[in-house]
Every structure is written in C-alpha cells, then in structure tokens.
Amino acid sequence: MKLSICTDVMGELSFTDMLDKCVKLGVEGIEMTGGGWSRAPHFRADELLSDRALLRTKLREIEARGLKIAALNCSANPLDPGAMGKRHREEMEQTIRLAGEIGVKTIVTMSGLPEAAPGDMVPNWLVYTKSWPDEMPERDRYQWEDRAFPLWHDLVKLAKEAGVEKYALENFSAMLVWNPETLFRLRSEVGPMVGMNLDPSHLMWMGADPIASARALGSAIHHCHGKDTRIERGLADVNGLFELKEVTDVANRSWNYVAVGAGRDLQWWKEFFSVVRMCGYNGWVSLEMEDFTMSTEAGIQSSIDALKATISR
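Numbering-wise (this note's numbering), the sequence shown opens with residue 513 and increments by one.
Simulated from the structure, these hints should not be mistaken for lab results. Every residue, glycine too, gets a C-beta built ideally from N, C-alpha and C. There's no promise every hint is true.
Claimed, not checked - When the alpha-carbon atoms are kept at most 20 Å apart in a straight line, the in silico PhoX-like pairs for lysine-lysine are as follows:
no. : residue 1 : residue 2
1   : Lys672    : Lys617
2   : Lys536    : Lys514
3   : Lys617    : Lys642
4   : Lys570    : Lys642
5   : Lys782    : Lys514
6   : Lys533    : Lys617
7   : Lys820    : Lys533
8   : Lys757    : Lys514
9   : Lys514    : Lys533
10  : Lys580    : Lys536
11  : Lys669    : Lys580
12  : Lys580    : Lys570
13  : Lys514    : Lys580
14  : Lys536    : Lys570
15  : Lys580    : Lys533
16  : Lys514    : Lys678
17  : Lys617    : Lys514
18  : Lys580    : Lys820
19  : Lys536    : Lys598
20  : Lys617    : Lys669
21  : Lys598    : Lys570
22  : Lys782    : Lys820
As the list claims (entries may be wrong) - Restraint ranges, calculated between C-beta atoms of paired labels, are given here:
no. : residue 1 : residue 2 : range
23  : Phe684    : Tyr640    : 28 to 34 Å
24  : Phe804    : Gly578    : 27 to 33 Å
25  : Met596    : Ser562    : 19 to 25 Å
26  : Val750    : Leu566    : 50 to 56 Å
27  : Arg551    : Leu571    : 42 to 48 Å
Modelling step: build the complete structure from the supplied sequences, incorporating the hints.
Here it is in structure tokens:
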C-alpha cells in the first residue's frame, strides 16, 4: 500500500506550496477535492473543466514532483431534497468527468442521505427502522428504493461512460451508507463498482471493530483513510458515543478525531493494515487529519510518522 494525504488540511497553502509540502512530508500521492462540502482549494472540478490550460499546468506540476493523484474526492449529499442536493450532485458529476479525463480511477464520496418521506425538506438519518413505530419500515423503503437506488444507478452509468472504475463511499454517520451492512445493501442493487472508503475513525466511535469490518468487506474495500479516534475516558462512560458537540469543543466531547496513534496504538494500526492488505487491498492510504487537540503541523507530522511505520507494503 502507498501513502497519500487529503490536501484540504493544507487548504491555506497555494497549489504549488501544497505540492512542495507533500514532497517534504514524503508522501507518494495526493487526494484532492473537486467540490461538495469542501471549498476544493486545490483542484476544483468545475474550474478545471472550463480551463484546460490550467488543468494541464496543474498536472505538469504534480508530475514534476513525482506525485500521483490517489483519488478525487467529492464528499457531498446528492440526495438532499433542497438546493444543496442539486448543487452537490452537479459537483459530483463534474468531479467524475474530470477524473475520467485525467485517468483517475477512484472517486471518494458519500452515499447521500435523503428526506424520510415525499415532501420533507431536510435529510433524515433513520437509526431505527424495522420495529415501532409502524411507519418506519416504509420510510426506510422510500429512502433506499425511491431515492438512493435511482441516483446510484445513474452515477454508476456515468462513471462507466467517463472511464472511472470505482466509487469509494466513506462510512460516515448521517449517510445511508455508514457501515459494511449498509454498503452491501447498496452494492447488491447497483453492482461492485460501489465499494467503501474504509475510514476506521468513524467505525471506532460507532462501537464497531474496524479490523472485523475490513474482514467483512474484503474486495469491497476501494480506498482507505488513515484517521484515528480517541474515546475520551469518563465522558463516554457518562454520555455514550452519540456526540453532538462541535468538533472544536475537544475537552467536553465523548470522543475526538485525533492524529494517528493518539487513539489506538501503533500495534493496533499494524494489525489493521495487515488485515486490510490480507483482504486484497493494495491501494492508497490517505491521511485525513482532523485533530483539534494539537496544532495542524504536529498532527500531520505525527500521523505521517505513524502511518509510515504501520502501513503494509
């Protein structure tokens, strides 16, 4: 496996300064955002599709430094019933087309989350659906069969036309796909082009074992994020793991995203990557650094050091 970095963490740097920073860090690849919730500071899809000269310039700068594009990312909610959903779907499609033009085969994104019933105006994450109250099974059916399946059939078709080979859906909360079981529910409908961006940090706070999740996913692992979570002693015991406080309120949260190695130790990470590799994945591991308990620089460097020491090559 090879080490890359999600470049949004260096969003304050210019494109060229970001690339130079990646070289100094010793990573081999970069995962850049094309749109969605990100402002896409380095590789915005709509901008590059409309300015081919700028696209060629950026590609030359990447190549000149010996870096590769690990994946294009467009984390978004294309199923939102409002204006944001329309914009996010457009930006996802632009990112897919851009990836196809430059030969990038993997799109990292999210499944999306729709409303619970026709006419609703906000997305609704249904965390209990098969029992009481009686209307819940129909809401679950509506979200998947009426909203998600048609969208993803269209996106799979678009990817095939563009030359993109894999969707890697992040197992993020408040999305229809948030764990292996929900991934397989979508995959069984739309086919094996849809797999998971295995992000262990989310599974940790959900109470799952990411190593067991990797075994269950097998060939459905399409990408991997290197990101850690620490369950905060005492606080999680009192309030549980559903955490609604701002991510910057680190002292009062039940759990926090932390630099790699600041949650699980390096022995755990060695086992995790060993199992991921054993399951057949031999692609990129992208550092996604969202640790607000330390400086960005310290978080990036300590995470890079930990990932270099633990990735199975």
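*Any hints from earlier that this structure breaks? Give me their numbers in increasing order, please.*
3, 4, 6, 8, 11, 19, 21, 23, 27
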